[in-house]
Structures are given as structure tokens and as C-alpha cells.
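Chemist: Chain by chain, the residues run as shown.
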Amino acid sequence: MLTLVLFNVTNGLILGMFYVLMALGVSLILNLSNVINFAHGNFLALGGYLTFVLEPYLGYWGALLAGPICVGIIGLIIERTAIRRVYDRDPVYSLLLTFGLAFIIQDLCRTIWGPNGLPLSIPNALNSPLSQQFFFITGYRIFLIAVVIVAVAALFGFLTYTRVGTRIRAGTFDIETVSALGINIGLLRSLNFAVGIFLAGLAGVLAGGQIGLNPNMGDDLLLPAFIAIIVGGVGSLTGTLVGGLVIGVASAVTSIWWPAGSEVIMYILMIVVLLVRPRGIMGEEGVMT
Amino acid sequence: MSETTIPAMADRTQQRNWLPLAAIWLVLITVPIWLPYVGGYNALASRVLVFGLAAMGLNLLLGFTGTMSFGHAAYFGLGAYGAGFVLRYWIHSTPLAMLAAILLGTAAGALFGALMAKRTGIYFAMLTIAFAQICYYVAYSWNSVTGGYDGLRGFQRAPLHFGPYIVNIRDNGVLFYYFVLAVFAICTGLMAMLLRSPLGRSFIAIRENPRRTRFLGIPVERHVWISFTISAFFTSVAGGLYALLNNFADPTALFYVISGNIVIMAVMGGMRSFWGPLIGAAVFVTLQDYISSMTVNWMSFIGMIFVAVVLFFPRGLLGFIGRRRRA
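Chains as they are written, first to last, in my numbering: chain A, 955 to 1243; chain B, 2 to 328.
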């Protein structure tokens, strides 16, 4: 029984890690640029594939960083050329634009790397299970959780202690005032977008090592990311973190008794939060109504 | 919202321009005659009308109330399943199937709308996506009732009975097209009446300036909810027709790709005009049909249509032509 509980909780925790990375990226972009990035899951896949391409040259550890950085740069270019142009328009346009981009990126990945799954090889040191009884706790899974913790800590450190990070946080509350203070919000939004895409790329690398690469690997993570943001409270990055962890753990715990319900519980949680606390767990009045 | 149209003025031009209206109906009525010559087929024409109706229904909300839904696949798909349930499990009757489609889709629209009416802008959009995904998920996993991934199959639309006369829309594609057209005509008539009524006027007022509308004593949130429900109503009619057209209902009708397609049709045609979404649907559905038969990379082309519309034709085809003419 203990093994079963641990097995499900581990699975849920791993899934929760992906939700968190994905949701933090979507949330960053949503908060500062008011854009729902429908293509986020496709950037995730692209990050995984770029790592796959770079791995033979840089080794796993180099590619682990270089892949997400490359996809971040691609994100930056797309932001500068296309997405930037819809910031001041009706939100319907940003949704349609990223929706179209999602199609294009997914098709690109399928055309270049094929529709079937590709394995992303991981170092042997990470591959062995820690013990016979707890076969599901592999070194890779612990490594994955550690990387996510480091990345999230780095993100919050960046937002709290650096000047740019402070500006991003300020922009979430009142972009006009930030702009009036002489800060180039165009540049700020581009940088912020790139950081969000970097997180997606990182999630792609980690997911690639776990389940392999395929062109629509990010699709199943997009909606949970939205739910994490709604549950945590739109406009609050801490809320998104909490929301991602909550739905991850909730799915894990549910799957102990009711395996098919692991997704249902996310939606139930969302509806309960909307009824009891419409702004989400950490959402604040006045931000992103 | 920018791009102001003064409602009274739009009204007058609509009354004066009976010619385009006559042209639209003439084209729609004569479709089965000229369609074979341009390489089309009846099911494609029916599909254009079905998605046109869905996009026009969405546009009541998007273009005329200024509230965005990116989850109208929910009401479209529930309409399809509603019709499917009746034909598959209960009774062989097309009118009852349509009634079930409307009831299921509209009830869901009213319920979800009530849960999110207080939200606006991008938050509202995100909630519509999430609610649509709930419906998709239920249809996908409730295998014993919905048929799961394969969808609800094994039913056929039933011929219509008018007293002693039987209109066999089941086997005759042209007759079915006229059935869809008749439903479409009733729905667009209702929409036009709605937009001329005080309620419709209040929707436009909300689009132009929600705060000022509130000051005038109109309960904005309740009216957004009403608009959402009416919009879901028309979209569920389209969904019901979609199930009759295909003789199946599957989860892809509820998927967010359909939501995106309906929105792009409305925007592509011109979301500030009454007939724009129909034009958008005609162009999009035809292109989709053509492209997907031409290349395996159809997804890229569809994606590029989205990008091009957003970056180069944000006012849509009708908006684009209208601007040219006025200039």
C-alpha cells in the first residue's frame, strides 16, 4: 500500500513540476503583456527537439541549458516580429495570433523530426532506480524535481532582487505608470517573453527525458497550466506556483483511489475555487479583472 | 473598444442596402445549381452554413457585445452530442434532435456564463477555454455514453414529416442543404430582430462603453450573461446541424481548435458586420477543405491564415472592403 501511495504521489509530483514550469511561463507573459500564449506547449516541444539536436555536440549537460536558451531566442524573435504588434489591440487578436503560431510550430516540428516519438537520451548516472522496492523513484526523477526547484528559485530571485525583475513585477500591477517612469516597456516585455519561453523549453527538455519527444508533447500541459493560473489567481506569480503544485498533488492523491479522476479533479478544483474565491487563491482585487 | 460604429447609422445603411442582402440570399438559395460547376459539393456548402451560423452566433458576443469567448466549441459540440443522443438512444426524429441540441448547448452556456459573467477581457477568455475543455474531457472519457474517443456513431438524421409529405433529408444532400438553409434563415432572422431590439442595443452599448452603460442603469453583467447564453443558443443550433450533417458526434467538435476556428471565421469576415462571419466561414471552410486535400502541411497553412488575418486584415474582409469604399 505504501508503495502504491508513493508511486502515485511521485507521479503526481513529477506532473506537478511540469505544470508549474509551464504555468509560470504562461503566467509571466499573461501578467505583463496581457497575452495568452496558446503556442506555449509548442515552444516546449521545440525546446525538447533543439536539445535533441544539440546533444551530440554539447553533451547532455550543455544541451540541457543550450536548448532552452535557443528556444528562448526563437521566442524573442517571434515576439519582436509578430506578437509585439498586437499588444495594444483587442485581446482576441493575440489569442488568434498565438493560436496560429501553435499550428505552425507544431507542423514545423512534425515536418523536420517526424510524427513519431524520438527518445532524448539521458546520462546513465541518472537512469537507475534508487531501490528495488521503489523502482519508480529513479535518479532522473529526483534530478528533474531538483532542476525545477532551482529554476523556480532562480526565477523568483530574478524577479525579487534584480532591477529588471522588479520592473516586471511593477509592470504586472500598472504598466502605464512603469512606462511613464521612462522604462522601455517594449524591451521589458520582450525580455519577459523570452524568459517565459525559456521555462517552456526547460520543461520540454525535462519531459523529453521522461516520456520522449513528439510534436504535440506540450498540448496536454497547456490546459492544466491555464487551470493552475486560474486556481492560483490570475496576476499573481506566486499564486501560479501554488496553483500548479496544488493541482499536481491533487491529481496524485486522487489517482490513488480513482485513477481516471486525476484530470477531473483539476476541473473540480477550478470550479470550487471560482465559486468560493473567484479571484483564485492568491489573486488580488484590481489586478487583471 | 476602438473602431466605433454609430448604431443608428449602421441601421440606416442596412435598410438602404437591400441589394447586398438580396444578393446573399440569392447566392445561398442557388448554391446547389452552380456549386458542381466550381468543384464544390453539397456537404461542403452545408458545412459552410453550419459554421457560418456558429460564427454569427459567436459574433453576437464577440462583435456586438465586445466580450470574447474562446470556448464556443463547448456549445457547438454539446449541440452535436445533444442531437446525437436523441437519434442514437431515444427516437428517430430530426426536430426532437435539434431541440435536444439547443437545450443541452444553451443550458451549458447559461450555466458557464453565470459562473464567469463578472470577469472581463483576457480572464474571461481563459475561463471560456477552461470550461470548454471540461466538456471535451467529459465527452472524451465518459465512454459508455459518448463513445469516448471514437465519438457517438451509428445514427442517421431522420426524414422530415409534414403531415402526409415526407421530405427525405436523409438520403438527398440537396434537400438537406435546404433544411440547413431554412434553419439558418430562421436563426439569422432572429439575430437581426434581436440586434434591433432594446436588448440588442444594450449589447452594443456595452461593447462601446461598459462603464457608461452601467451609469445608464443597465445591469451590464446580467446583459453580458444574457448575450453569452443567446450566443451559446445559436452556436448549439449549429452544433446540432453539424451532427446531422456528419451523422456522428465526436470529441473533436468540442476541442479548442474548433473554438479557434469559429473565432477566426468571425474575425476574418469582419466581426463588426452582421454577415461578416458567414463570409469568413465560407472562405475558411473552403480553404481548409482545399488545403487539407492538397498538402500534408495543411496545419502550417491554416496557421499562416490566422497570422495573416491578425497582422494584415484585422478588420476582416468586409471591414477591409468597407474601408476602401468609404475612403
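Treat the hints with care, since some could be wrong.
Derived, one-sided and incomplete: chain B residues facing chain A with beta-carbon distance under 10 Å [to be verified]:
hint, residue
1, 91
2, 135
3, 258
In silico lysine to any residue, SDA-like type, Cα no more than 20 Å apart, as pairs [what the hints assert, rightly or not]:
hint, chain 1, residue 1, chain 2, residue 2
4, B, 119, A, 1236
5, B, 119, B, 203
6, B, 119, A, 1230
7, B, 119, B, 104
8, B, 119, B, 213
9, B, 119, A, 1077
10, B, 119, A, 1228
11, B, 119, B, 212
12, B, 119, A, 1044
13, B, 119, B, 253
14, B, 119, B, 45
15, B, 119, B, 200
16, B, 119, A, 1229
17, B, 119, A, 1039
18, B, 119, A, 1232
19, B, 119, A, 1226
20, B, 119, B, 33
21, B, 119, B, 205
22, B, 119, B, 194
23, B, 119, B, 209
24, B, 119, B, 248
25, B, 119, A, 1133
26, B, 119, A, 1079
27, B, 119, B, 186
28, B, 119, B, 206
Calculated from the structure, these hints are not laboratory results. On a predicted model such as this, the values are computed, not experimentally measured, just so you know. Glycine included, C-beta positions come from ideal geometry on N, C-alpha and C.
Chemist: For each hint, tell me whether it holds in the structure or not.
Modeler: Quick rundown of the hints versus the structure:
This hint is violated: residue 91 of chain B has a C-beta 27 Å from the nearest C-beta of chain A, more than the 10 Å allowed. A cut of 10 Å between beta carbons decides the hint on residue 135 of chain B: the least distance to chain A is about 5 Å, and the hint holds. Taking 10 Å as the C-beta contact cut-off toward chain A, the hint placing residue 258 of chain B at the interface holds, the least distance being around 9 Å. For the suggested pair residue 119 of chain B and residue 1236 of chain A, the alpha carbons sit about 18 Å apart, so the restraint of at most 20 Å is met.
Between residue 119 of chain B and residue 203 of chain B, the direct Cα distance comes to roughly 17 Å. Compliance with the 20 Å bound is thereby established for this hinted pair. Proximity of residue 119 of chain B to residue 1230 of chain A is assessed by CA-CA distance (about 14 Å); at most 20 Å being required, the pair is judged to hold. With a C-alpha separation of about 24 Å, the suggested pair residue 119 of chain B and residue 104 of chain B falls outside the 20 Å cut-off, and the hint is violated. Only pairs whose Cα atoms come within 20 Å are accepted, and residue 119 of chain B paired with residue 213 of chain B is accepted, the gap being roughly 17 Å.
Simply put, residue 119 of chain B and residue 1077 of chain A have alpha-carbon atoms about 51 Å apart, too far for the 20 Å limit, and the pair is violated. A hinted pair counts as satisfied when its Cα atoms are at most 20 Å apart, and residue 119 of chain B with residue 1228 of chain A qualifies at roughly 11 Å. As the CA atoms of residue 119 of chain B and residue 212 of chain B are separated by approximately 13 Å, the hinted pair is consistent with the 20 Å bound. With a CA separation close to 19 Å, the supplied pair residue 119 of chain B and residue 1044 of chain A stays within the 20 Å bound.
As the CA atoms of residue 119 of chain B and residue 253 of chain B are separated by approximately 29 Å, the hinted pair breaks the 20 Å bound. Simply put, residue 119 of chain B and residue 45 of chain B have alpha-carbon atoms about 39 Å apart, too far for the 20 Å limit, and the pair is violated. Between residue 119 of chain B and residue 200 of chain B the alpha-carbon distance is near 19 Å, which keeps this suggested pair within the 20 Å criterion. For the proposed pair residue 119 of chain B and residue 1229 of chain A, the alpha carbon gap of about 12 Å is at most 20 Å, so the pair holds.
Between the alpha carbons of residue 119 of chain B and residue 1039 of chain A the distance comes to roughly 28 Å, so the proposed pair goes past 20 Å and is violated. Distance hint between residue 119 of chain B and residue 1232 of chain A is fulfilled; the C-alpha atoms sit about 9 Å from each other, no more than 20 Å. Restraint check for residue 119 of chain B and residue 1226 of chain A: the C-alpha separation of about 16 Å stays at or below 20 Å, so the hint holds. In summary, the hint linking residue 119 of chain B to residue 33 of chain B is not supported, as the alpha carbons are separated by about 45 Å, beyond the 20 Å threshold.
A hinted pair counts as satisfied when its Cα atoms are at most 20 Å apart, and residue 119 of chain B with residue 205 of chain B qualifies at roughly 18 Å. As the CA atoms of residue 119 of chain B and residue 194 of chain B are separated by approximately 27 Å, the hinted pair breaks the 20 Å bound. Among the hinted pairs, residue 119 of chain B with residue 209 of chain B is consistent with the structure: their alpha-carbon atoms are about 18 Å apart, no more than 20 Å. Proximity of residue 119 of chain B to residue 248 of chain B is assessed by CA-CA distance (about 38 Å); at most 20 Å being required, the pair is judged violated.
Using a Cα cut-off of 20 Å, the hinted pair residue 119 of chain B and residue 1133 of chain A is violated, with the two alpha carbons roughly 29 Å apart. Proposed proximity of residue 119 of chain B and residue 1079 of chain A is contradicted: the alpha carbons are some 52 Å apart, above 20 Å. With a C-alpha separation of about 33 Å, the suggested pair residue 119 of chain B and residue 186 of chain B falls outside the 20 Å cut-off, and the hint is violated. For the proposed pair residue 119 of chain B and residue 206 of chain B, the alpha carbon gap of about 17 Å is at most 20 Å, so the pair holds.
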